[in-house]
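Protein sequences, first through last, are from chains A, B, C and D. Sequential numbering from 1 applies to the first sequence in the working numbering. Sequential numbering from 1 applies to the second sequence in the working numbering. Sequential numbering from 1 applies to the third sequence in the working numbering. Sequential numbering from 1 applies to the fourth sequence in the working numbering.
These are calculated hints, taken from the structure and not from any lab test. Some hints could be false.
[To be verified] Computed cross-link-like contacts, EDC-like style, restricted to lysine to aspartate or glutamate with a CA-CA straight-line distance of at most 20 Å:
1) Lys16/C with Glu17/D
2) Lys66/D with Glu129/D
3) Lys128/C with Asp24/B
4) Lys16/C with Asp93/D
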Amino acid sequence: MNSAASTVVTVRFFGSLRETVGRDAVDLDVDDACIAGVRKRLASLLSADELQALSGQGVRVCVNQTIARGNVEVRAGDEVAFLPPVTGG
Amino acid sequence: MNSAASTVVTVRFFGSLRETVGRDAVDLDVDDACIAGVRKRLASLLSADELQALSGQGVRVCVNQTIARGNVEVRAGDEVAFLPPVTGG
Amino acid sequence: MHAEIRVETDDFNIAKEWAAMRARLGGRAGAVVAFAGIVRDHAGTEQVNGLFLEHYPGMTEASIGKILAKASDRWELTDTVVIHRIGELGPRDQIVLVLVAAAHRGDAFAACEFIMDYLKTDAVFWKKEHRPDGDSWIGATGRDRERRNGWEADAR
Amino acid sequence: MHAEIRVETDDFNIAKEWAAMRARLGGRAGAVVAFAGIVRDHAGTEQVNGLFLEHYPGMTEASIGKILAKASDRWELTDTVVIHRIGELGPRDQIVLVLVAAAHRGDAFAACEFIMDYLKTDAVFWKKEHRPDGDSWIGATGRDRERRNGWEADAR
């Protein structure tokens with residue numbers, strides 16, 4: 001999407017993905033202010049296996065705690081989260 | 001059924017029937033040792049309305065806490081109970 | 001299966017019953033469902049000032065025992081408790097407690113609802129409502145019988 | 001309708017929650033249904049030594065709020081409480097409590113079971129089982145999704 005100036009977002013990982021990438025959260029300055037831009041920036045931090053886990057079956061991406069459908073835009077200060085399949089109860 | 005010697009049974013009334021007949025229980029010496037004999041004996045104690053209530057819709061008769069289907073026999077010491085429709089909970 | 005039936009005048013203490021059931025469960029049960037019936041201050045549009053509950057000692061407990069046995073035949077249950085109060089009850093008073101534990105929640109929910117539905121139609125209790133215009137003895141409603149008959153139809 | 005959602009590390013006290021709900025009810029509700037989930041010591045034939053539950057603060061509560069709103073749209077409810085524990089839990093520990101009050105028992109039973117079924121599939125929690133051969137993250141099962149989808153089909 002739009003190629004903007006410096007955009008710092010917080011990326012959070014939960015459940016199995018938190019364990020796979022070995023961290024809870026990371027602040028990233030993304031060149032391309034969208035989910036694809038976040039993934040591109042993550043590619044420079046994570047191994048190929050770790051990166052692939054973030055696109056695994058049932059994984060959902062949220063922006064500011066709302067499920068993001070497709071490659072939505074992100075803005076400075078946004079919280080991007082990778083959620084593996086959930087279960088409560 | 002069989003016309004036997006003196007047979008004393010305890011007759012109990014519950015719920016609305018207890019209120020209608022104005023008593024919890026009565027010991028009766030029945031000539032005819034069966035449910036019909038108990039009813040006949042009750043006729044000498046109760047008014048016609050009270051007696052009719054004992055044959056009202058949904059009223060069940062128990063002998064020794066078991067539902068009596070039809071004119072079953074009773075024996076000395078038996079407990080005969082008249083149960084109006086039940087509801088718990 | 002532990003099956004406990006109590007008919008009592010005093011109020012029950014859900015905390016005590018819950019704790020006692022948990023102590024019996026060990027690690028086997030994954031689900032506990034509790035139902036409590038509470039006396040409402042109205043029936044339909046009519047005010048209700050209270051209830052009087054009467055039972056037939058022995059026969060009442062046996063009638064509840066049959067209901068629990070039916071439930072236990074139908075579902076995998078670990079533990080069941082029914083406490084039913086008798087005597088005079090006022091609005092907001094607790095009237096009945098049904099506790100069911102099972103390995104799986106589907107069994108616990110179904111059995112608890114089944115037991116309550118049968119308590120309405122098959123348990124040997126008589127209930128009198130105190131209303132502003134006088135007392136009246138009440139029986140199971142058509143809706144109660146429909147709910148019970150729904151289970152019978154399911155079983156076929 | 002009172003709708004209360006809590007995600008906590010500490011164990012819940014059913015007695016306290018039950019009493020608090022009863023105090024809020026007044027004479028309106030005739031039925032209270034409680035469900036408690038308890039950690040089992042096995043899953044299928046495998047031994048389970050414990051669970052670790054993780055949540056997403058804010059989003060988890062919102063996901064439960066949506067479930068309660070759905071239940072409240074569908075049934076006449078007076079009061080709902082969901083308490084879900086997080087962190088490390090051992091066998092026999094309580095994990096979740098769902099309390100539902102309604103005027104009528106049918107509504108209370110259905111809503112409580114609906115809420116539990118949706119907690120399995122739609123609530124934002126992650127669950128790791130500790131087993132003798134290692135840890136494994138678990139998701140909603142096919143059976144869980146079937147149960148949830150059953151409610152969706154009902155609504156059509």
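Cross-check of the supplied hints:
1. Lys16/C with Glu17/D: 14 Å, holds
2. Lys66/D with Glu129/D: 27 Å, violated
3. Lys128/C with Asp24/B: 16 Å, holds
4. Lys16/C with Asp93/D: Measuring from Cα to Cα gives roughly 17 Å; hence the hint holds.
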